[in-house]
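Here is what each chain is made of, one letter per residue.
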Amino acid sequence: MNGEAAARAGFRRGAFVAPWILAVAVALLVFLTGAFAPPYIATDFVLKLADSGLLLGILALAVAFLMSQAGLVTLGAASVYGGVGYLFALAMSEWSMSPLGAGVVALIVVLIYSAILGALIIRTTPLAFMMLTLAAGEMISHAVLLDGLRDYTSGADGLVVGFRGTFFGLEADNFADPIRFWPIIWTSAWGIALAVLLVRRSRLGAILRATRQNEERMRFSGFDTYSPRLAAFVFVNVIAGVCGLLHVLNSGFVSQESLGLGVSTNALVAALIGGTATSTGPLVGGLIFAFAQDQFGARGFTQLLTGLAIVVFIVIFPGGIVGALGNFVRRIGGGRRREVD
Amino acid sequence: MLEIDKLSVSYGTVHALQEVDLTIAGKGTMHGIIGPNGAGKSSLLDAVSGRRRPTAGAIRYRGENITQRSVAWRRRRGMARSFQRTNIFQDLTVREQLSLVAWRLGDERVGDVIEAMDLRDCLDEKAGRIAYGVQRRVDVALALIGRPLLLLMDEPGAGLSAEETLRLFQHVRDLVDEREIAAVVVEHDVDAIFACCGVVTVLDLGRHLATGSPAAIRADQRVIKAYLGSAA
Amino acid sequence: MIALLIANSLALASLLIMMSSGLALIYGLRDVINFGHGALYMLGAYLGYSIAHATGFWVALVASPALLALVGAALEYLALRPLQRRSHIEVALVTLGLGIILGQALIFVYGGEARTVDAPPSLSGSITVLGLTYPVYRIFLIGMGLGSCGLLALWLNFTTSGLHVRAVSQDPSVARMMGINADRLSLLVTSLSAAFAGVAGVLAGPYLSVDPGMDVTMIVSCLIIVVIGGAGSIAGTIVAALLFGFVQVAGSVFLPDFAALAPYALLMLVLLVAPRGIGRGRAPA
Chain E
376 MNGEAAARAG
386 FRRGAFVAPW
396 ILAVAVALLV
406 FLTGAFAPPY
416 IATDFVLKLA
426 DSGLLLGILA
436 LAVAFLMSQA
446 GLVTLGAASV
456 YGGVGYLFAL
466 AMSEWSMSPL
476 GAGVVALIVV
486 LIYSAILGAL
496 IIRTTPLAFM
506 MLTLAAGEMI
516 SHAVLLDGLR
526 DYTSGADGLV
536 VGFRGTFFGL
546 EADNFADPIR
556 FWPIIWTSAW
566 GIALAVLLVR
576 RSRLGAILRA
586 TRQNEERMRF
596 SGFDTYSPRL
606 AAFVFVNVIA
616 GVCGLLHVLN
626 SGFVSQESLG
636 LGVSTNALVA
646 ALIGGTATST
656 GPLVGGLIFA
666 FAQDQFGARG
676 FTQLLTGLAI
686 VVFIVIFPGG
696 IVGALGNFVR
706 RIGGGRRREV
716 D
Chain B
1077 MLEIDKLSVS
1087 YGTVHALQEV
1097 DLTIAGKGTM
1107 HGIIGPNGAG
1117 KSSLLDAVSG
1127 RRRPTAGAIR
1137 YRGENITQRS
1147 VAWRRRRGMA
1157 RSFQRTNIFQ
1167 DLTVREQLSL
1177 VAWRLGDERV
1187 GDVIEAMDLR
1197 DCLDEKAGRI
1207 AYGVQRRVDV
1217 ALALIGRPLL
1227 LLMDEPGAGL
1237 SAEETLRLFQ
1247 HVRDLVDERE
1257 IAAVVVEHDV
1267 DAIFACCGVV
1277 TVLDLGRHLA
1287 TGSPAAIRAD
1297 QRVIKAYLGS
1307 AA
Chain H
828 MIALLIANSL
838 ALASLLIMMS
848 SGLALIYGLR
858 DVINFGHGAL
868 YMLGAYLGYS
878 IAHATGFWVA
888 LVASPALLAL
898 VGAALEYLAL
908 RPLQRRSHIE
918 VALVTLGLGI
928 ILGQALIFVY
938 GGEARTVDAP
948 PSLSGSITVL
958 GLTYPVYRIF
968 LIGMGLGSCG
978 LLALWLNFTT
988 SGLHVRAVSQ
998 DPSVARMMGI
1008 NADRLSLLVT
1018 SLSAAFAGVA
1028 GVLAGPYLSV
1038 DPGMDVTMIV
1048 SCLIIVVIGG
1058 AGSIAGTIVA
1068 ALLFGFVQVA
1078 GSVFLPDFAA
1088 LAPYALLMLV
1098 LLVAPRGIGR
1108 GRAPA
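Chains as they are written, first to last, in our numbering: chain E, 376 to 716; chain B, 1077 to 1308; chain H, 828 to 1112.
Hints are computed from structural coordinates only; laboratory data are not their basis. Take the hints with a grain of salt, since some may be wrong.
Unchecked claim - To give an idea of the interface, some chain H residues facing chain E are shown, with a C-beta separation under 10 Å as derived from the structure: (1) Q931; (2) V1047; (3) V1053; (4) Y1091.
Just so it is clear, CB atoms sit at the ideal spot from N, CA and C, and this is done for glycine as well.
With the hints as constraints, model all of the structure from the sequences given.
Here is the structure:
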């Protein structure tokens, strides 16, 4: 063996670090930098946008997971996102619960609701499923405006939601202040993204993807194709619920707009922009959407861009921005272009 | 193993199967089902495998009436089926789909099936990318996982050359002999059926016409007339 | 009272039949939902408005569908055909995006307020039929609805292309084996569907209104109808449209607070009872 090769071998042996340790270290670094650096480099306003961007991103992650893994589109994500806010307020005002208790109760209601709704609608075709999630969402949206419930929901005015005491040991202004909220939403986003990653890589993820490809053959191979999809539906709705809680803690306000179809479609578009197959894609998409929406103020223009974004990110960049970046990096590294799940 | 009792399957006004009686003996049997077009062969398999609910009649599997049971239930009890139109997972690799089904059916020995169906070379290819003939073998392989007791095959030779079909049939014949499973094979390629099956049933226009050894069937006047009559 | 209810239901259903059968045809043929169908309707309505103001209602009734047919062809060549290898969700989303863009373009050109279109003089006023005094225009609308049903039935059942459409909708793979040119069929169906949307748009002017939200309202209604009607079944779609029309009208009369939710309730109820919809369309896989 000549000197060069020996040196290379020696270098490899001495500097050996398992790839996964490196990945975790990098991730940790990014996480910590991301949690603490932005307040020093960004203005309050930019942070506020980033906060709402990540909130939308988490909701987008929920929608994206269901779409990419189970092949189901839910248009009712916003009704859970906003509905949780109302439930949270009600639990505190009507049942005198502590903020944390109210949050837990709200999430439990979401769990039960999505389990029942899912049980009813998952047996139908994907299109019917989508329309049914829309129907359920619109019904909830309307329910909020009903005269009969005005005392609880304040109808069209929306509900101001504040809390005394602590939520997870933090007081209200920690959530309301954009600067102090940032580490909270950043950490939550990472936590949820990790959960999604774990589920996606799990057996359940494999079953969902296979069912999406060929539901019939799954049944002919002895699989129950119903329960996994139900589980996925409940999972994503709970994520939407957690996201909604963060939102109401941050904004201190919830109204019919929070649970409207507009928010659901925004989440969908954000997912498409970032890429539905990964955990980071929708989060990036949410941030991009929030900043883009701020830039292109006038309502009509955002709608137009939304339409354009949908077309562009399906036709030209089907993997979204994260997907495209991933492919680019891989191509530089000489690897094969990985197909999107 | 399998008893089909006055089975009828109708689609609206079309009577695909009318009061068919059939008995499939136990392990080690390779039972062929042939018949001219429109005989109801696929409908028979659809009803037995659970894909379609029969309009009348009963199906008894290993002594139990399974007419109302779900497709997945039947599979888990050892009744496996392969498809005429290749029905596999296009975006999964061969290895991935075989492992997934193996996990479900509690079968660790996927290697046997891979060997039997000669899939060693394409294990890490996405199923959508491989040659059609190989895809057909994957389709059959998926049915072979989990040590099925009854294998239902719907025109396994569809889209394959006569030579490939015969080879596939011989594979299955070997499995039937080795593993003592029972196989019911619906096929158009009559030669392959006669070559490998011990018993052959002929259906015509939804009704049972004849059942017997290949030699007996080949000589049966009714069968000859049925095929000649529908020489389309 | 009942007679008025039925008449109004029929009038609304007529419009919905024209729209949802177009949507159902494309869905049955390509297994793709054109989410931009509502925007096509809106385009037909606004074009109809402009043309009607220039040359009158009847010219608009012919010109708008003709123009829409061209738009439909464009949709087929520029979007549906190039993307046919993609998953159905993706194609559907693309049509959604295109629909949003079209809708926004119309708002940009025409502004955000509602426009009124007057019924032509020959169709204005009311007449008394079977003891019911009813606007002539709506009777005309019902007539158009019946007419399009009839034309659709004739086409599907008595022409070669109609037969082919039914065959492909029932079982796409078998139809391909029979050598049916799915591409040419698709072009025909898409253009036809767009043309029908054009007719519906023009007719909607004097009946409802021409406003910026009409695309969303219409596509949601059509989707509910197509789902209730069942995939691949035109008969189911027509029945569903009639049901929808009735529920919508009855809802606004008897339960005005919940009227907007009535269609959703209908959707949930029907699917609970018949998960694959009313019609007996595509054979289960």
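Comparing the hints with the structure gives:
| no. | hint | result |
| --- | --- | --- |
| 1 | Q931 | holds, 4 Å |
| 2 | V1047 | holds, 7 Å |
| 3 | V1053 | holds, 8 Å |
| 4 | Y1091 | holds, 4 Å |
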